[in-house]
Amino acid sequence: MTHRIDQTFAARKAKGQAAFVAYMMAGDPDRAASQAFLNALPEAGVDIIELGIPFTDPMADGPVIEDAGIRARKSGTTLSVVLEMAAEFRTANDTTPIIVMGYANPLHHMGYTKFASAAKAAGVDGAIIVDLPPEEDSELRAAFETHDLALIRLATPTTDAHRLPQVVAGTKGFVYYVSMTGITGDSFAQAGSITEQVTRVREAANLPVVVGFGVKTPERAREVAKDADGVVVGTAIVKTLYQDGPEAALALIRTLAEATHSS
Amino acid sequence: MGNHSETNRAFPDENGRFGDFGGRYVAETLMPPILELEKAYEEAKADPAFQEELDYFMTHYVGRPSPLYFAERLTEAAGGAKIYFKRDELNHTGAHKINNCMGQLLLAKRMGKKRIIAETGAGQHGVATATVAARLGMECIVYMGAVDIVRQKPNVFRMRLLGAEVRAVHSGTATLKDAMNEALRDWVTNVGETFYCIGTVAGPHPYPAMVRDFQAVIGREAKQQILKAEGRLPDAAVACIGGGSNAMGLFHEFVPHKEVRLIGVEAAGKGVKSGLHAASLTGGSPGILHGNRTYLLQDEHGQIADAHSISAGLDYPGIGPEHSYLHDIGRAEYVSATDDEALHWFQECARLEGILPALEPSHALPRTVDFAEELGKDGLIIMNMCGRGDKDVFTIADALGEHISEGTEG
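Taken in sequence, the protein lines are chains B and F. Everything in the first sequence is counted per the numbering used here, starting at 6 for the first residue and increasing by one. Everything in the second sequence is counted per the numbering used here, starting at 192 for the first residue and increasing by one.
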């Protein structure tokens, strides 16, 4: 439901704050641990959850998220399991939006209509499908509109002024601005250039703009939050969870969320 | 030349679709560059100066036209239709791959791109890319699965000699599909200055059409040559298929000629029923991977399944979208051959014809022989001998249980 997304941004905006968006890979390292971690995110300060769908060939991801996907698949995390996790989360939380994020093939294989209906039933609010650019997402978008789900598009540094209106047309909830050309987990290469970019995307979309790719530290999150309506951290969380466990990852999330909210 | 019929021209449509297949399933970052590439390619295609330059290199550097050769002793052994080989293994670098690389890198030059990236499986596309990049003075980076690096050592060294940097890919299955993932990651990171030279008729539009067009020289020549030699079109055109570029190259000219059966041979590995194979059309279902919708090997949850083939060049879980289309409309027939069959006919071809075929076209041999028998003495078949087998001698020795030294440490 875009309702939860809209309310989340409105609530943060009312306080003059940006929203903190955390990415995690569903099922990494296994279903039970991953479910517990997911359930703990809102209390650690996460406003919006991006729940990763593992895929064998994650072409836009770096090694940290690719490896997390391998662990998740080994533990039996299918697309249906991802939705089951969302549904279980919803039994205790009806306010924090969940956006599933991944690649087209598992959804295509399930069938877009069936997926949309199952996602809605599971309490999912939207999806980001990396390899469905505007040219290829009409089928999924139609299924999403039937169920009032947000299909969130990505804008990137290569999305020029000519293309931007096409990218933002029909997107709901928010626009995800990929702040650099590259894959997840790369270092932030274009610091300083985002004010102009975020403004450009926000004006075209008339929706909140969240910024992801390359944000790893509270310092950077604070900086990005000055311009963006939301800040996404993924790789740093996934890496800490794997290397140091859930307590350390939740501690990192608290500092990132505080930094984002304090800006 | 260039007398393409309207039927040939009908696909893909403006969205890069061959029926339900193809398209542009890429991250937004790559959409502007693939649209730019499409525009540049359309302009180049219409520019006589570009075609002239390409023709010059195809003649004097690649060594085209390649012969159409009557495989007399194989024909005798098969005991049926006359079998002709289209000798694309005689091209510079020993495979059909250079036809496409020559075209794409001249296009890169025209676009002002000096950094070339490529993926490779058997190494033939990597060698061809490295070769043309050297000739045109371009930087070249080739992504190759770590498993393939081991089984295609001679080609790895060849690429390095040609000045290319070979980057090993350890992720996933460490084969061709993972090399392609890594090349896409490179492209999305270094998007401005980089030209991605895809080696087969797959990937996002315009690659499937563009690579087919550059490879279509195979079928154009073969048609003229068979008309000259036999006074008629063949009954069948046969080629092996991984991604399917040599097959599309041979088929394209014959697609409008309905009397010519088009037969693609996929790699059945240890047998399609064993689950250890690379036969996407025979044993797969439609899905989305590497920028296009096509037949894929995948599990019941839409995860990509591992492909298995003794041939690194066929070891890919997908197939070019135009093949999926030709399959679904029934214009082309797709069959398969196992590792063992390929090994057997590799040896037969060596002894009968004095030609060491690559492991890839070795898969086409057993089905060619079957069809020769089926068609009988009046029949006529062209098989694309798309690569030479020198690169495979270590793999073959290994499979045959023989130990041969590579001259350096094992």
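Please keep in mind that the hints were generated in silico from the structure rather than gathered at the bench. All C-beta atoms, glycine included, are put in the ideal place defined by N, C-alpha and C. Check before you lean on any hint, since a few could be wrong.
[To be verified] No more than 30 Å apart at the CA atoms, straight line, and that leaves these computed lysine-lysine pairs for DSS-like:
| no. | chain 1 | residue 1 | chain 2 | residue 2 |
| --- | --- | --- | --- | --- |
| 1 | B | K79 | F | K449 |
| 2 | B | K221 | B | K79 |
| 3 | B | K18 | B | K119 |
| 4 | F | K449 | F | K236 |
| 5 | F | K464 | B | K79 |
| 6 | B | K20 | B | K79 |
[Stated by the list, open to error] Now the stretches of chain F that chain B is said to cover, found in silico as 3 or more residues with beta-carbon under 8 Å:
| no. | segment |
| --- | --- |
| 7 | 457-469 |
| 8 | 492-504 |
| 9 | 568-582 |
[As the list claims (entries may be wrong)] Each pair of labels, with its calculated beta carbon distance range:
| no. | chain 1 | residue 1 | chain 2 | residue 2 | range |
| --- | --- | --- | --- | --- | --- |
| 10 | F | G466 | B | E224 | 16 to 26 Å |
| 11 | F | E227 | B | K119 | 30 to 40 Å |
| 12 | F | G383 | B | A256 | 31 to 41 Å |
| 13 | B | A37 | F | F348 | 45 to 55 Å |
Hints, one by one, checked against the model:
no. : hint                          : verdict
1   : K79(B) / K449(F)              : 48 Å, violated
2   : K221(B) / K79(B)              : 27 Å, holds
3   : K18(B) / K119(B)              : 35 Å, violated
4   : K449(F) / K236(F)             : 27 Å, holds
5   : K464(F) / K79(B)              : 24 Å, holds
6   : K20(B) / K79(B)               : 42 Å, violated
7   : 457-469                       : violated (count 0)
8   : 492-504                       : holds (count 4)
9   : 568-582                       : violated (count 0)
10  : G466(F) / E224(B): 16 to 26 Å : 50 Å, violated
11  : E227(F) / K119(B): 30 to 40 Å : 36 Å, holds
12  : G383(F) / A256(B): 31 to 41 Å : 39 Å, holds
13  : A37(B) / F348(F): 45 to 55 Å  : 49 Å, holds
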